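Asks: The residues making up each chain are set out below.
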Amino acid sequence: MIDSIFLVDDEDLFHLVFEDACSLLNISLSLDAVYSTDEAESMFAEWQQKPSDKPKCAFIDLNVIGSSYDGIELIRKVNKQYGNGIVIGIISSSVDPNEIERAKGAGAMFWIVKSDDIEPRLEQFHEDFEDYVDGIKSFTVYQ
Amino acid sequence: MIQFPNQVESDLIELSKSKSVYLEGNILKLVNTSSDEFQQYLDTSVTKDTDNRKKRLEVTRQFQDQNKELLAKQQENDELMKSLQEALIQAEKAKDDALNDLSVMQKKTQYELIGNIVQIALYVIVGVGIVVTGMYVYSMSTNSTETTLIGNTWSNLFGILLTNSFSIIGTIMGVKYADDQKSKSSK
Numbered sequence: 002m003i004d005s006i007f008l009v010d011d012e013d014l015f016h017l018v019f020e021d022a023c024s025l026l027n028i029s030l031s032l033d034a035v036y037s038t039d040e041a042e043s044m045f046a047e048w049q050q051k052p053s054d055k056p057k058c059a060f061i062d063l064n065v066i067g068s069s070y071d072g073i074e075l076i077r078k079v080n081k082q083y084g085n086g087i088v089i090g091i092i093s094s095s096v097d098p099n100e101i102e103r104a105k106g107a108g109a110m111f112w113i114v115k116s117d118d119i120e121p122r123l124e125q126f127h128e129d130f131e132d133y134v135d136g137i138k139s140f141t142v143y144q
Numbered sequence: 020m021i022q023f024p025n026q027v028e029s030d031l032i033e034l035s036k037s038k039s040v041y042l043e044g045n046i047l048k049l050v051n052t053s054s055d056e057f058q059q060y061l062d063t064s065v066t067k068d069t070d071n072r073k074k075r076l077e078v079t080r081q082f083q084d085q086n087k088e089l090l091a092k093q094q095e096n097d098e099l100m101k102s103l104q105e106a107l108i109q110a111e112k113a114k115d116d117a118l119n120d121l122s123v124m125q126k127k128t129q130y131e132l133i134g135n136i137v138q139i140a141l142y143v144i145v146g147v148g149i150v151v152t153g154m155y156v157y158s159m160s161t162n163s164t165e166t167t168l169i170g171n172t173w174s175n176l177f178g179i180l181l182t183n184s185f186s187i188i189g190t191i192m193g194v195k196y197a198d199d200q201k202s203k204s205s206k
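Top to bottom, those sequences are chains U and F.
Numbering-wise (the working numbering), the first sequence opens with residue 2 and increments by one.
Numbering-wise (the working numbering), the second sequence opens with residue 20 and increments by one.
Rather than coming from a laboratory, the hints here were simulated on the basis of the structure.
In this text, all values refer to a predicted model and were calculated from it rather than measured experimentally.
Backbone N, C-alpha and C fix where the C-beta goes; we use that ideal spot for every residue, glycine too.
Heads up, some of the hints might be wrong.
Unchecked claim - Pairs of lysine-lysine, DSS-like flavour, derived with a Cα cap of 25 angstroms:
{"id": "1", "chain 1": "U", "residue 1": "K115", "chain 2": "F", "residue 2": "K114"}
{"id": "2", "chain 1": "U", "residue 1": "K78", "chain 2": "U", "residue 2": "K138"}
{"id": "3", "chain 1": "F", "residue 1": "K48", "chain 2": "U", "residue 2": "K55"}
{"id": "4", "chain 1": "U", "residue 1": "K115", "chain 2": "F", "residue 2": "K87"}
{"id": "5", "chain 1": "F", "residue 1": "K67", "chain 2": "F", "residue 2": "K48"}
{"id": "6", "chain 1": "U", "residue 1": "K55", "chain 2": "U", "residue 2": "K81"}
{"id": "7", "chain 1": "U", "residue 1": "K81", "chain 2": "U", "residue 2": "K105"}
{"id": "8", "chain 1": "U", "residue 1": "K55", "chain 2": "U", "residue 2": "K138"}
{"id": "9", "chain 1": "U", "residue 1": "K115", "chain 2": "U", "residue 2": "K57"}
{"id": "10", "chain 1": "F", "residue 1": "K74", "chain 2": "U", "residue 2": "K115"}
{"id": "11", "chain 1": "U", "residue 1": "K55", "chain 2": "U", "residue 2": "K78"}
{"id": "12", "chain 1": "F", "residue 1": "K101", "chain 2": "F", "residue 2": "K87"}
{"id": "13", "chain 1": "F", "residue 1": "K127", "chain 2": "F", "residue 2": "K114"}
{"id": "14", "chain 1": "F", "residue 1": "K67", "chain 2": "F", "residue 2": "K36"}
{"id": "15", "chain 1": "F", "residue 1": "K101", "chain 2": "F", "residue 2": "K112"}
{"id": "16", "chain 1": "U", "residue 1": "K81", "chain 2": "U", "residue 2": "K138"}
{"id": "17", "chain 1": "F", "residue 1": "K48", "chain 2": "U", "residue 2": "K57"}
{"id": "18", "chain 1": "F", "residue 1": "K73", "chain 2": "U", "residue 2": "K115"}
Claimed, not checked - Computed Cβ-Cβ distance ranges for the label pairs, DEER-style:
{"id": "19", "chain 1": "U", "residue 1": "Y70", "chain 2": "F", "residue 2": "K114", "range": "44 to 52 angstroms"}
{"id": "20", "chain 1": "F", "residue 1": "L90", "chain 2": "U", "residue 2": "V142", "range": "21 to 29 angstroms"}
{"id": "21", "chain 1": "F", "residue 1": "N119", "chain 2": "U", "residue 2": "V96", "range": "51 to 59 angstroms"}
{"id": "22", "chain 1": "U", "residue 1": "Y70", "chain 2": "F", "residue 2": "K38", "range": "20 to 28 angstroms"}
{"id": "23", "chain 1": "U", "residue 1": "V96", "chain 2": "F", "residue 2": "I46", "range": "31 to 39 angstroms"}
{"id": "24", "chain 1": "F", "residue 1": "Q83", "chain 2": "U", "residue 2": "D54", "range": "25 to 33 angstroms"}
Claimed, not checked - For the chain U half of the interface with chain F, some residues (derived, Cβ under 8 angstroms), not all of them:
{"id": "25", "residue": "L14"}
{"id": "26", "residue": "L17"}
{"id": "27", "residue": "S31"}
{"id": "28", "residue": "V35"}
{"id": "29", "residue": "D117"}
Isolated chain U (complex conformation):
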């Protein structure tokens, strides 16, 4: 089980769906969620000072409405400025190959397609999680 998960998504209903899905699938014990990449960046800055609070995994929405920049840019910032060290990837309804390549280039480790029946993809990701932590799993698109 993943101890703590961090979700960045502008849609509050998805926060509830994601939390319940993760709990029902026994994927995680706790979930922190924010609504913008700006908020997320400030949290990563805090975690840089206090690494023990850092989540084990971060799911970032691609287009976070009301943010200064998109999810891929956040991943780039997190990897470059805040010394990531967590499993981080995109969760989006988009399957645009250009965006997927962009995310890969920014250092995203996975891409999960967000849709109504997200549970099978979350389960599959959960199975692969330890491989991501060990760095032996290459970039994967779950769709």
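Using the hints, position chain F against chain U.
Replies: Showing chain F alone in chain U's frame:
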């Protein structure tokens, strides 16, 4: 994993019996026990929590779907409103063009009418002038006794015709000026 003291386990079991209140949330995944009774309590709590989460997930998804539908309808309405506004702008432009065409046609008709009046008036003036001048020339060439009378008549008539000519021209100029002023003020 954590284990509650026996007293806490008994209190929680008692609470569930008396008030139907159970532990819920992810803490249930971290609690362990050696008591069969408390294990049963934990199993019931997990079942209740799972049922509640499933219900909440279902309701949230329904809300999500409704939200998506509303957003799609909102977008549809916005596009419809945009099309309507564009159609309204085009209709107003067509109306302005039609009014402009009508105004031009009215002016054209007015000018044509004025032109006809002027033409006829000029024909009458010139015709009368030619006839009277012819009569005067004829009377002079035949040494008619009526020459003086016709001469006076000719000079009076010519004066009147000239006066009328200027009067007509003045009227036409006045009408044209008033019309120009009217079109300027309407703009």
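Asks: If a hint holds in the structure, say so; if it doesn't, say that too.
Replies: Going down the list of hints, with the structure as the test:
1. U:K115 to F:K114: violated, 51 angstroms
2. U:K78 to U:K138: holds, 22 angstroms
3. F:K48 to U:K55: holds, 21 angstroms
4. U:K115 to F:K87: It holds: about 14 angstroms lies between the C-alpha atoms, which stays within 25 angstroms.
5. F:K67 to F:K48: With Cα atoms ~13 angstroms apart, F:K67 and F:K48 stay inside 25 angstroms; holds.
6. U:K55 to U:K81: Since the Cα atoms of U:K55 and U:K81 sit roughly 16 angstroms apart, the hinted pair holds (cutoff 25 angstroms).
7. U:K81 to U:K105: The hint holds at about 14 angstroms.
8. U:K55 to U:K138: Distance of about 21 angstroms is within 25 angstroms: holds.
9. U:K115 to U:K57: holds, 20 angstroms
10. F:K74 to U:K115: holds, 20 angstroms
11. U:K55 to U:K78: Cα-Cα ~16 angstroms, so holds.
12. F:K101 to F:K87: The given pair, whose Cα atoms are some 21 angstroms apart, holds under the 25 angstroms limit.
13. F:K127 to F:K114: Roughly 20 angstroms separates the two Cα atoms, so the pair holds.
14. F:K67 to F:K36: holds, 14 angstroms
15. F:K101 to F:K112: holds, 17 angstroms
16. U:K81 to U:K138: holds, 21 angstroms
17. F:K48 to U:K57: holds, 18 angstroms
18. F:K73 to U:K115: It holds: about 19 angstroms lies between the C-alpha atoms, which stays within 25 angstroms.
19. U:Y70 to F:K114: 44 to 52 angstroms: With Cβ atoms ~48 angstroms apart, the hint holds.
20. F:L90 to U:V142: 21 to 29 angstroms: Since the Cβ atoms of F:L90 and U:V142 sit about 26 angstroms apart, the hinted range of 21 to 29 angstroms holds.
21. F:N119 to U:V96: 51 to 59 angstroms: holds, 54 angstroms
22. U:Y70 to F:K38: 20 to 28 angstroms: Between U:Y70 and F:K38, where Cβ atoms are some 49 angstroms apart, the hint is violated.
23. U:V96 to F:I46: 31 to 39 angstroms: holds, 37 angstroms
24. F:Q83 to U:D54: 25 to 33 angstroms: This hint holds: roughly 30 angstroms between Cβ atoms.
25. L14: U:L14 check passes; min Cβ-Cβ to chain F is 5 angstroms, inside 8 angstroms.
26. L17: With Cβ-Cβ at 5 angstroms, under 8 angstroms, it holds.
27. S31: holds, 6 angstroms
28. V35: Violated, because the Cβ-Cβ distance from U:V35 to chain F comes to roughly 18 angstroms (cut-off 8 angstroms).
29. D117: Result: holds, 6 angstroms to nearest chain F Cβ.
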